[in-house]
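Colleague: As a plain string of letters, each chain reads:
Protein chains: 2
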Amino acid sequence: MHIIWNQYPEIKEELLEIIKLMDENAKCKDKVIEQSIKDLIHANGKMIRPAFTVLAAHFGEYEPEKVRALASVVELFHMATLVHDDVIDDANLRRGVPTIQAKYGKEYAVYIGDYLFCICFKILASTASLQSIQVDSLSMSRICLGEVEQLNSRFNTEVSVKNYLKRIAGKTAELFSLSLYIGAAESGCSDKLTKSFWRIGHHIGMAFQIIDDILDYTGCEKSVGKDHAKDIQEGVFNLPLIYALEKQPKDLLALLEKHPYSDTDLKEIVQLVDTYGGIDRARRLAHQYTQKAYKHINKLPDNEYKMILLEVAHKLLDRAY
Amino acid sequence: MHIIWNQYPEIKEELLEIIKLMDENAKCKDKVIEQSIKDLIHANGKMIRPAFTVLAAHFGEYEPEKVRALASVVELFHMATLVHDDVIDDANLRRGVPTIQAKYGKEYAVYIGDYLFCICFKILASTASLQSIQVDSLSMSRICLGEVEQLNSRFNTEVSVKNYLKRIAGKTAELFSLSLYIGAAESGCSDKLTKSFWRIGHHIGMAFQIIDDILDYTGCEKSVGKDHAKDIQEGVFNLPLIYALEKQPKDLLALLEKHPYSDTDLKEIVQLVDTYGGIDRARRLAHQYTQKAYKHINKLPDNEYKMILLEVAHKLLDRAY
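Protein chains in written order, with UniProt numbering: chain A, 1 to 321; chain B, 1 to 321.
In short, the hints are calculated from the structure, not lab data. If you're wondering where the values come from, they're calculated on a predicted model, not measured in any experiment. Ideal Cβ positions, reconstructed from N, Cα and C, are used throughout, including at glycine. Some clues are possibly wrong.
[As the list claims (entries may be wrong)] In silico contact screen, one side only, chain A against chain B (beta carbon under 10 Å); selected entries: (1) Tyr115; (2) Lys122; (3) Glu147; (4) Asp274.
[What the hints assert, rightly or not] The list that follows gives simulated cross-link-like pairs (lysine-lysine, DSSO-like), each with its CA atoms no further than 27 Å apart: (5) Lys295/B <-> Lys106/A; (6) Lys31/A <-> Lys31/B; (7) Lys106/A <-> Lys258/B; (8) Lys166/A <-> Lys29/B; (9) Lys27/A <-> Lys295/B; (10) Lys162/A <-> Lys27/B; (11) Lys292/B <-> Lys230/A; (12) Lys29/B <-> Lys162/A; (13) Lys29/A <-> Lys195/B; (14) Lys106/A <-> Lys103/B; (15) Lys166/A <-> Lys166/B; (16) Lys12/A <-> Lys66/A; (17) Lys292/B <-> Lys250/B; (18) Lys258/B <-> Lys162/B; (19) Lys162/B <-> Lys295/B; (20) Lys27/B <-> Lys258/A; (21) Lys247/B <-> Lys195/B; (22) Lys106/A <-> Lys66/B; (23) Lys27/A <-> Lys166/B; (24) Lys31/A <-> Lys20/A; (25) Lys162/B <-> Lys12/B; (26) Lys166/A <-> Lys38/B.
Throw the hints in and build the complete structure from the sequences for me.
Modeller: Take a look at the structure:
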């Protein structure tokens with residue numbers, strides 16, 4: 001279990017129950033499949049999304065079994081998308097451990113991802129209301145669309161800020177929203193409160209992804225656990241670069257045209273993005289989303305879970321970036 | 001619309017409505033995504049699975065809108081698995097037209113498949129009962145497992161008949177069963193009748209896949225629409241080969257060890273499989289499943305849809321193989 005939860009024993013205990021439930025749902029006659037899913041479950045992810053479901057559910061009538069099932073769905077869905085992302089990105093490491101595809105091959109990773117999707121709906125159908133399954137599947141389809149949009153805009157030097165925001169709203173913020181929403185909705189919270197959780201998830205998710213993307217420019221391998229400037233190499237042009245491109249800088253445009261980029265190219269691109277103010281502007285937008293998230297969390301009814309949500313949001317969003 | 005339905009105008013009309021519904025569900029702000037899904041919908045597939053749902057539903061209280069939605073789900077799910085199969089197989093053609101991945105790349109195909117999965121559950125949640133969604137998701141997860149099992153047994157010369165049957169039960173028969181089952185179950189058929197449809201789907205599916213696999217040995221590119229002996233090249237050892245291997249033939253084993261196979265190797269493998277009686281034995285097993293399917297269909301309550309089901313089964317299973 002990630003250290004982030006050590007100071008919230010109640011949430012930590014619940015997350016351990018959720019891991020147990022995911023392990024149970026990973027059970028399969030084929031032991032290789034079972035083990036590869038368990039490896040994912042125990043890869044020490046932060047479990048932010050299921051924690052969000054748990055926290056939001058505490059604002060209504062908390063039914064432990066139901067909440068755990070719903071929380072396991074958002075985490076398993078997240079895992080499914082990660083497995084497929086790694087296929088696309090040709091990634092060998094995820095959370096510091098070899099990816100499914102590095103261990104078992106791409107083909108295997110495609111089907112394991114599909115299998116995880118099906119498990120999600122199996123759990124949902126035995127737990128959630130039809131309305132929640134509808135919201136879930138619609139939301140999940142938007143997440144897939146976000147991924148497709150990211151693909152379609154690769155190496156496009158004319159990609160707009162609007163397009164970028166739409167893309168990350170789909171691929172990241174949507175699942176944060178869903179995690180909070182489903183916890184609240186299935187625990188009988190009012191429509192108003194449920195919608196408010198959806199917005200909080202959106203703002204946290206947007207800030208989180210922008211920060212993550214900034215770290216691609218400012219981070220090093222150690223602190224973010226992935227290769228420096230990897231997104232640029234793959235043609236995924238993120239906010240700092242898009243802002244820099246708005247100034248139509250001939251040197252940067254010329255560099256971007258000659259992909260695949262050498263290490264020197266990448267360093268130079270990052271340097272130019274910084275020079276053209278892209279990183280600073282991106283930081284300001286991340287800050288705006290972060291502030292909006294805090295504002296909306298502060299408006300929630302007062303209880304201990306609100307404080308935890310606020311603190312966790314701080315931990316997620318006040319990283320050095 | 002495939003010519004197979006020309007002599008059943010009522011079913012054909014219903015299938016056209018189902019295509020319309022799939023088109024509606026393919027609607028998407030991103031027009032490239034929408035078009036690529038519509039290309040799949042209009043690729044002139046046989047629409048066997050949705051037709052099965054329609055036929056089975058006629059044994060109960062037929063609710064057109066509900067049945068169409070359920071039928072579109074089984075076809076869209078089938079498409080999702082095909083899109084991902086093509087990613088795995090590196091296939092460029094499907095039903096004679098370029099595959100999604102040939103047109104838009106593998107990455108795109110992975111996410112479009114995921115998106116189709118989500119659409120399936122979105123439609124299900126707005127149409128079916130929770131119980132049917134449970135059956136569906138469980139069934140879909142077994143289909144994915146069948147695919148994984150196929151991968152895990154590639155190039156394994158010790159693969160058993162039992163393993164093969166389990167694999168095709170998952171990857172093919174399961175969806176035939178589900179298509180019939182969901183039509184019957186959601187139209188209020190009795191448990192006994194619903195189970196009977198499940199079995200019919202199983203037997204048709206098993207016979208269908210064994211025949212398809214035999215065609216990999218006996219067919220030519222034109223008649224099956226895919227490369228001759230393609231499965232062998234990919235290390236997917238099917239029933240005729242497995243039967244031949246049971247005789248522990250040193251010449252065949254030696255050939256199988258030296259993959260990738262040349263065209264001459266492939267011809268020789270096919271020849272040896274025939275010599276060792278693999279094709280004949282596979283034909284006999286296909287025949288047994290076919291007969292079981294007919295027997296169970298004959299036991300259904302008498303009506304015009306029973307006759308159509310029987311005729312369609314004949315068309316599917318009495319191919320030259």
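Colleague: Against each hint, give a clear statement of whether it holds in the structure.
Modeller: Hint check:
no., hint, result
1, Tyr115, "holds, 4 Å"
2, Lys122, "holds, 4 Å"
3, Glu147, "holds, 5 Å"
4, Asp274, "violated, 29 Å"
5, Lys295/B <-> Lys106/A, "violated, 42 Å"
6, Lys31/A <-> Lys31/B, "violated, 42 Å"
7, Lys106/A <-> Lys258/B, "holds, 23 Å"
8, Lys166/A <-> Lys29/B, "holds, 12 Å"
9, Lys27/A <-> Lys295/B, "violated, 36 Å"
10, Lys162/A <-> Lys27/B, "holds, 21 Å"
11, Lys292/B <-> Lys230/A, "violated, 56 Å"
12, Lys29/B <-> Lys162/A, "holds, 15 Å"
13, Lys29/A <-> Lys195/B, "holds, 24 Å"
14, Lys106/A <-> Lys103/B, "holds, 20 Å"
15, Lys166/A <-> Lys166/B, "violated, 43 Å"
16, Lys12/A <-> Lys66/A, "holds, 17 Å"
17, Lys292/B <-> Lys250/B, "violated, 35 Å"
18, Lys258/B <-> Lys162/B, "holds, 25 Å"
19, Lys162/B <-> Lys295/B, "holds, 23 Å"
20, Lys27/B <-> Lys258/A, "violated, 36 Å"
21, Lys247/B <-> Lys195/B, "violated, 38 Å"
22, Lys106/A <-> Lys66/B, "violated, 37 Å"
23, Lys27/A <-> Lys166/B, "holds, 18 Å"
24, Lys31/A <-> Lys20/A, "holds, 17 Å"
25, Lys162/B <-> Lys12/B, "violated, 37 Å"
26, Lys166/A <-> Lys38/B, "holds, 24 Å"
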